[in-house]
Each structure stands twice: as C-alpha cells, then as structure tokens.
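Make the full structure from the sequences, and use the hints.
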Amino acid sequence: MLRAPAESKYAEELDYLESIDQGHKPFSWRLSPRMVRIFVLGSERSDGLDREIPQKWFGDRSFVERSIVTLASDRGLLLIGDPGTGKSWLAELLAAAICRNSTMVVQGTAGTTEDHIKYSWNVSMVIAKGQSRESMIPSPIMTAMEKGVIGRFEELTRSTSDVQDALISILSEKYVSIPELGEGEDNIVFAQPGFSIIATANSRDRGVNDLSSALKRRFNFVRIPVVTNKKSEAEIVRFRTTELLRRHQIDLDVPPTLLDILLQSFADLRAGAASATSDDQKLESALSTAEQIGVLEDAILHSQFFGDSTLRAATLASSLVGSLARRTPEDLAILNKYWHGVVEPRSKKDGGEWPEFLEGGRQAIATLS
Amino acid sequence: MSPFDPLREQLAGAAAAFGTGLVDDVEQALKAELEIFPVCHHSPASALAMARRLREKQPKVIYLELCEDLRPVLDELRNCRLPVALQAFATDIEGFPPEWAPLSVIAPITESSAEYQAIAYALDTPGVEIVLVDRSVDHVFQWEPRERGEAVGVEIGDLRPRFAELEEHLLHHGKVRHWSEWWDQYVEQPLVGADYDTYRQVMVLIGSLFRRLRPQGNEMDEDRERYMWTRMREHLAATGADPDTCLYVCGAFHAASPVMGEHLDITPRTATRWLYGLIPSSHSAIEEQFGLAPGSVSIASATWSKAVKRSGVTPYQLGSKSKARALPPPTPLERDDRLSGFLTQPPALDGFDEAELLGWCVDIVRLARRNGYLASTADAIAIYETSILLAGMRNRKRPTPYDFQDAAVTCIEKDVVPGRRDVRRLCEIMLGGDRIGQVGYDSLPPLARDVLDRLEPLGLDLQKRTLSRALMNLDLNPELAPCSDLLWMLRYLLPEGAVKPIMGSRRLGERSIQESWDLWLGKHQRELIELGYEGVTIEQVMEQRLRRAAWDPKATAAVVLGAVEDSILFLGSRRFTDELGARAVELLSAERTVDDAPEVLRRIRRLLAHYRSSGGALPGWCEAFVTAGYAHYCTLLPSAFVDEDTGVRQVGAMLGFLFSMESLAISLGCDRAQLELAVRQSHPEAPAKVALVWAAQFQLGLLTMADLRSRCDDLLNNPLVVPSVPLYITGFVQALEPAPVLTPFVVEVLSGAFGRLPDDVLLPWLPNLITTLRREAPELVPVLVREAGLTYPASLAAVDAWVPPWSAQSAKGTRGRAPVVAGPVTGLLAAHPAPTDAVAALLGCSGEWQTGDTGSGGPGHAEVAALLNAHPEAAGAVAALI
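So the protein lines, in turn, are chains U and E. Heads up, the first sequence is in UniProt numbering, so the first residue is 1 and it goes up one at a time. Heads up, the second sequence is in UniProt numbering, so the first residue is 1 and it goes up one at a time.
Watch out, some of these pointers could steer you wrong.
Unchecked claim - Some but not every residue of chain E turned toward chain U, in silico, with C-beta under 10 Å:
hint : residue
1    : Ala15
2    : Ser376
3    : Glu385
4    : Asp406
5    : Val416
6    : His871
No lab work stands behind these hints: they were computed from the structure. Don't be surprised by glycine CBs; every beta carbon is placed ideally from N, CA and C.
Structure follows, in structure tokens:
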C-alpha cells in the first residue's frame, strides 16, 4: 500500500490503547476521549503508560481537546485554517482513533453533487430489479451514518451551497430519507450512535462558497493556525520526512544544519510575505509547513536518484526555488531579491552550508529565468 | 561497591538537604519572634485566611510589606472605590540619572486581597497601628540600577517560580494554560477552606520551594528582608509593643527568609522630591502590569465573593457600618505538622456547581447575542455539555472558568468575529468583567479638586464614568466663560478624549458664541490626578509646560512662537507672553537653518495680525522679532538659494517674511539695501529657485514684467529646457507668498505651459503638480484658483470668443504705440527723418513714421482727454497752482 490510512498504520498502538483504556467511552467510541488525546498528541510520563506513544500531530493541545470534545457532543467539527496546517491529518487521526475508520471521506469540489453526500443508484440494477436498497449506492457519509462512525468532508467550502445545505439535515435530524423507496421499504437511514462529521475548510477559500448560518450553527469551528514556532516546526518536518523516507525506502540522513537552513529561509520568506503590501510582492505559496516538507522530500528524492545519495545544500536550494517559483516573473523576482538580499549576506556572515545553498539557489533561479 | 556510590551519596545528600531545607524554613517561620502571615497577591484564599485570623487574634500592630513612605496615603483609601493604586511620583529628580524622569511607583490594591483586609482592619479598629516596613520608593530606585521605561509596580507577595522550565512543566502537567490558572487550581482552591495553620504552613512551604529553586539572584530580596526586619525591630524597641500582639504580613517568598535576624544599615534617601497620591486602577491594568492571564484578577474577585458567601466570614471593609460580632478569645497558634496531611491528600476541590455553570452558559449566550453572534439556547446547551467534557478530559470534576471559556469559544466562535469583542473577551467580561476603581473627591490632589470645583457651574456630575455633554451659550451665560477657558486648557493638557470640543474653537482672533463639549473626566481620572503632581492649579501646570517647551534644548523659534500663541489663548498673561517672545527672538537669531521658515512666517503673521487688531502698540518682542528676522533671513538668503538641502518652500517663506514685513522692518530701522544686496548675491541653479529669484527681482524692481514674460517664453521655446519647465512653475507658485502681485502672471505661465508643453512632459507632470500644490502650498491654491476664475470665461459659449488678457495686451502693445505728442521736437524729427532712419538702420530697427496728433493726448488717451475736456476747472486750478 502506498499510503496506509492512520488506523492500519498505527493499528498496534490503537490496540494497545484500547486494551488499557478504563475511561468512559461516549457512544460507540473505541477509545475514551483521554486516550484519543494521548494517541494524537503522544503520551507523557504522567499518563502512566507502559510504553511510549509518539506524538503525531503538532500544535496547541487545546485545539485537539476542543476537537475531541466537539465530536463527543452533538455537533460536527469544522477544522479551518491555511493550506498545509495539518487539518486533514488531524481529521484522519481523530477518525482513526475514535472509530478505527478514517476512510469515509467525501472530497468537496466544485463538481460535488448531493448524490456524493447522500446516495446514488446503480443504473443497470435499477433497470433490472427496480429501485431497492440493493440497487442503491450509499455515499461515504451515509455509510458512516449506518455504521455509527466518523464521516469526513474535505474542503467543505469548495462545494456549492446546495451541496452544503444537504448536510444540514444530516447534522440535525441525523437521518436521510430515500423517497424513491416506498413506505415500509426501509426508506429511512438513521444514523447510529457515534456518527459525526469532521469537515475541513481552507481559510484562503473564504468567500468562494460561504457557509450558511444554519450550517455554521451545526458545526463547532476550530481554527488551526500556521505553525510559527521554530521548534515545533522542526519536529513536524522531521516527523513527516522520516515517514516519507520510510515510504520511499530511502536510507538518507537529513543533516540538522540543512534542516535549520530550510526552516530559516521559510521563516524569512514568511516575514517578507507578512510585510508585503500587494499580492505581487509575496509568493503565491502559503509557505506552510506542508510546503517545507514538500521541498525537503523533493530534495531528498533528487539526491537519491540523481545525486550521490547525500543531501546537499545546493540540491535543497534548487528544490526550494523549484517549488516556490510558481509565477514568472513575480515569484522569481521575489526569490531573486531574497537570495541577494538575505542569503548572500548570511552566507558571508555565517558560512557553513549557506554558501553552497546560495550557489545552488542562484543557478536554479538562472535556469528558470 | 559500585563506582557510582560516592556520586549516589552526594546526590542523595543534596536531595535530602533540599527537602529538609523546605521543612526547616517552615519551622523557622513558625518560630519567628513575630507571627508571620504569608500572602500571595490577588489571592482570595489569602484574603479569607487574613479576615479569619484578624477576627481571631485582634492584633494591635500590623507590619505590612509595602513601601514605608506610602503610609499617609492609606488613610485616603476610605474615599475610594477599589481597585485603586497608591502612587509615588517624582518629576524633579536628584541622585538618579535625569533620563529616568518622571519616576513613578504604583501599588495596586484590590478588595479581594489580604493586604486590603489588613489595612481595613487596622484603619477602622481603634488602637490598632499599621506600620509599613518595606524600603521607601526612593530605595526602590536606588536599588534598581537598570534600564527602565514604564512605572515600576510594587506588590505584596509576588509568588511565581521564577524558573521558566519549572513553570512550563507545572502548566503542562496541570493541563492549564497560565500560571494564574495553575495557582488557582492547585493552591488557591484547596486552601480556601483550609484552617489557618495549614494555610500558613503551605504558603511558607511554597515560598521556600520557589526560593530554593533559584538560589542565586535573591540578593536584593534578602536586602529587603533585612530592611523590613530592621524596621520592625526598631518599631518594637521604640514603642515597646508586645510581639505577641503583632502580625507581620508579607509575601510567602519573604516568609521563608534566611536573613530574619540580620540588620541592615539603611542608606539615606536621595534629595528627590516625592509626591504621593491615589490613582484609579482596574483589573485589566493590574493584569497587564504584572503579566497575569487576562481575566485572572476578575476571576479571583469572583472567587472571593463566592468564598465569602460560603464561609460566612465577614470581611473587613473601610467605612463599613457593620460591627463585628462578639469574638472568641484568640486561639493559640498550633505548631504541629499540617503539611504531611495536606500534601498526601488529593486536593479537596469544590463539587460540581451545576447552577453556576448553567448561569454562565445562559449569560454568555445572551452576551454573545448582544455582540452580534448568532447564538441561541442550543448553544447554551452545547457549551454546558462541552465544558463538562473538557473538564473531564483535563482530569477535573468541576469545569474551571478557563474550561468554560474554551467551551464557549468552541461552540460560539465561527470564522469571523461580528462585533468588536470576540467570545474569549466576552467570557472575561461575563466572569466578573473589568472593574475600574475611582478615587473619591476628598482624596484628589488640590488641582483635580480645583478643576472639578471650577467646572461646577456646568451642572454635570463629572466624577461618573460615562461621557457627558456640556452645552454653553457664552452670550446668554457669560458666567460660563471661565469654564470654557478651563476646558480649553484641559484639552491642551490631557490626552485625547478626556475633553473634546464638538462645537466651538479657540484660535487667535476668534471667539465662540456657543460651545459644546464631550467631557469624560471620570474615565481619565488618573491623568487628571497626575497633572496634580505638576502643580496646584491648572494655570501653573500650563505655564510650566509652555516654559518647558520653550526652554527645551531642541526648541526652535517656530515652536516658541507656538507657545506664545498658546499662552495668549489660554493664559492671557502679558508678562509671560513677553518672556516667551523674547526667547523666540533669541532662538531665531541663533538658528543656522531655515527649515522652519514657513512655520515661523505663518505664526508671526498671525501674531502680528492679532496685536494690530486688538489695538495698542506692538509688544517690544514683536518688533525685535521682525528686525532680527529681517536681518537674519537677509543674511541667510544667498546661501539658502544655493543650498541643496533647503527646499523651495523654505526659500519662498524667507522671501515672504522679507517682503511682507518689509515696511514694518524699515520703519523700525532696517535697511532695504540689505535685501537688495542679498537678492543680487543669490545665484541659484535649481530651476524652481531660479524662478523664485526672478520673482524677488521683479518685486524689488530689478526686472520688469516684460522681462519675466520673455524669459518664460524662452524657456518654452528651448527644447532642452522644456522638461524642467514644471519646476520653474513650482517656483513661481511659491513666489506668490512674497509677491502676491504675480498671481495673474502665474496663471498666465500655467496657461502657457498647458498650451505649449509637449504631451510627454505635460501629462506626467499634471498629477505631480496637483500633489505638490496640495502638499507644499495649500494656502496658495485658493488664491490661484480665484485668479484663474477671474481670468477664464465662465461659460462654455464664451470660450470660443475668449482672448487671453495677456495676448490682448501684447496685441494692443504692437498696435497702440506710445502716443506721439505734437511739439517742436516732433516737428523737427518729422521734418528731417534721414538721421533718425539711419540710426534706426544701424540699430537694426525697422520703424515707420507716425504722424503726430495735434489733439491734447494720443489715441491711447482718448478717455483722459474726454475727461479733461468735460471738467476743465480741475486742470485750470492745477495750472494756477503751478
């Protein structure tokens, strides 16, 4: 499997937590809220577990607590934040911990229809046998209702208002009726205890399809900010790249100095974007942590397959330029300015890997321009 | 034997020393010669224990850890609504670096604090003395040789670990966000119901723990402890008080002091003159000053009221009428160990208070709705549920206010905040809100009382915290004029918003008939009180401020002229105004730059106009200013013209000063030749300044209008110069200041430029022209526009037939020549034209002969001739006279 869902990847951890869990479990939850928190945020000595549970999502503890508590209540959970802040990852972890099933996902797009949320029909079966429960294709959300598990809705604000409105009745009445089936034909699907919805929304998409106030009322909002704390950002990048390397089966070390360079340059670029007065003066990229991981992954793959299997500053620089320069000439101009105004003085002052980083970036910019 | 045994022993020894040290500290504190009462600031548990202990013990002397020289202010607390702060303030400082001024020390006092209980008890019980024993405010600064900015806050019992990692650890494992929250949950709540002995031992233990975790850097605290003990021993010796009837109230940190028995030689105070007073304070101000979590003081205050209600203890309150109940005899203090029991048991927390939480949920939803949120009863239910779930997840049975806050944010806060306040802030407001104290009238400094007395005729309650509107009809009620004067001064002295004129203005030469003001003195009480430290009356403060501004080392002539204006407007003291004026003259002659020239010109013109219109002679300083300015600007003119750093506006203003004050200056003995020489010496290169110098020359009669016109024509005809024509025009616009007669000419030049400049020069320049005019010559634009309005036709239809006056003039100039007057000379020349033609040919002029008019006046003077013919008597009389 290229990428196992969280519940299979951490199956053993979840089994362990379930076996020792003494706490009260709401509905049909597999773990108590406290254990869910330990699963997501990692264990501490004071939790008194026999083994260590690593941290999987990095961010303020209260966000996780508020999210778990929301799922234990009557409302849906809406994670909102900039792209790349780990919303979907948190949603997946929560779903995996609570019901061991994080795959009931609907991806919100401009083309999502009500059928994707409720149900559709298997046309050939309908022709052959008529409309019945067998010929109906339930959506992931409907399946989640039937099973009493967590359904996920990615990028809620990308889908149109009528699709969003279909969620209102699901979230308040907790059933979906199927008018095509007659009376007595099992024409209502009731949600089982444990059903809830985790939706994610991108705060950059605000205004595309604004949520109605009726829907807003049925969701608790948890805003996930961009990680700006350097220490936790380093944790995240390290954690995710280790995982990616394992997936690619690559044995390669990321020198801490290079990780520092990467974090520093992102911090600089973010500061630049924050002080920019127009869109032309800032990079199109949101400069999120996910973006950093992307840059690092790209650099690692490049050195693995086209280099000498060691990660070098020059490769990192060209990956950085390659993934951030999306618009010519605006993005390139900003990077060029950054390279000459910040990287160059720094490489003179600090030395270390910076001069190589400078050279690599320069070449990459020259190739792209 | 393991090789690690020695190390093991060493570490075990250190750990044992640390642990027993804590207990030793507790024991030492219990055995001290005086009864020590350890407190923590803003702690309801401390306050409650204090109230109980005071009722039991009825001490005769209370020693309090608070700056000793603040004692007289304590009596004033009676007149105040808490929270207020004791303040010591010094502007004239001696013995400290001058850049520290003004020095300020603030000690806030809240109702839910142990120190207030002690103060209220001591002041309201006859025969009880309260002695402040901490170092004086002067020593606070003597002992703090460091960079400082804001006011220094002092508080009793600042109890924090001072150990960032430990604090972080405690917060993390307590599953709380802020130190206040941790303290509340793990110390405050368990101690609220504890007996006095337990309370005392636990507090000393915590003080000792924090102290021992940071053994270095306590030197200053130890010195303070020596200071306090020295003072207490001195007091005991002097009064012969029985130590058993005394109570020493100090922060828990100081209760575990290792230096109790030591003596300190107290250094004398510096010569700094300290002023003492009370200022209003607020919960939020205290939180900000001492780095507490937002809302923590409010929550402490709410906990206090609840604890008081539940425990049945009657707290002390200054001026309260209720008499204390008959008291049991004082119980002797136990010295047995209460710590073991306390430390080994889980905290006995309050049970879950359903009614309280329900009340909070309903209130927050109501408040949120009022602030624009779409919150409903469904949200109240969700918040209730979420609070309990959150508290459960954080290992507590009872949701704390902080859990409740998190729950409310989760359930109500959506993607945007509809109003001014977000849910977090609303929770703080709901859980107690920010309480703001007020200082009563009797405790105000004389200045503040004077202000309130003098505003009495307005008939408003200015002590209340809401905004009030004062309406004054000064024609109908001339007795309100002093109020108006005072308000204008207050507006000058107090920060924005304290008093705000809605209608009416005060400028030289203006008088308001009606004024209306928004007064908010109740909210800005602190600023008003601080004004009181500067003087006894508002006039005195005003004079001091103006004087300080004028004698500031960085003051310029323009600044001082501003002060002169203010002194005329607000104070009306001729003597003081003259003094300031003399200072302005002095500064002007010493100035080396002309950067302020426009400001100087504007202000002196206004002042001259004021003096002329108010009748009477010009004051001596005005005359001196004009003559000094004339000489000064004449001297600086040539260099200002060539200096690149001096702008056109500045030079224009200099010329404006020179030309518009010329007649006055000459009448006072200045010499016009000086100005002429100065202009002749000026050889600017920058186009704008060249235009200015031309204008100056024109004004002096060194250039004629025709010369000016031809020079401008040359500029437009020379393709090399065309791009800089706009700069010349800027110069001419600035020249309107010194030479207003040039206005028609500037309109002409502008029209010429619009008509003849190529598009690639004209179009980029136009927006530039507008912004430059707006920025640099806003007062000249109306003049220019009016002139243009007179010159150009008013209707579209008239445009076609319109001939610009200047081209009409020049056309007339070629047609209508100088009138030829018949006479013998004309006759001779006409009779022999050859020599004249030859001279003309030599000079390159092609002229034609004109026949002489035999009438009395040429063709250009027909009107004159007609007039003279109609009224010959006048001409006849003149002839007779000659």
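Worksheet entry | Contradicted hints - numbers only | Per hint list: 1 and 6 violated.
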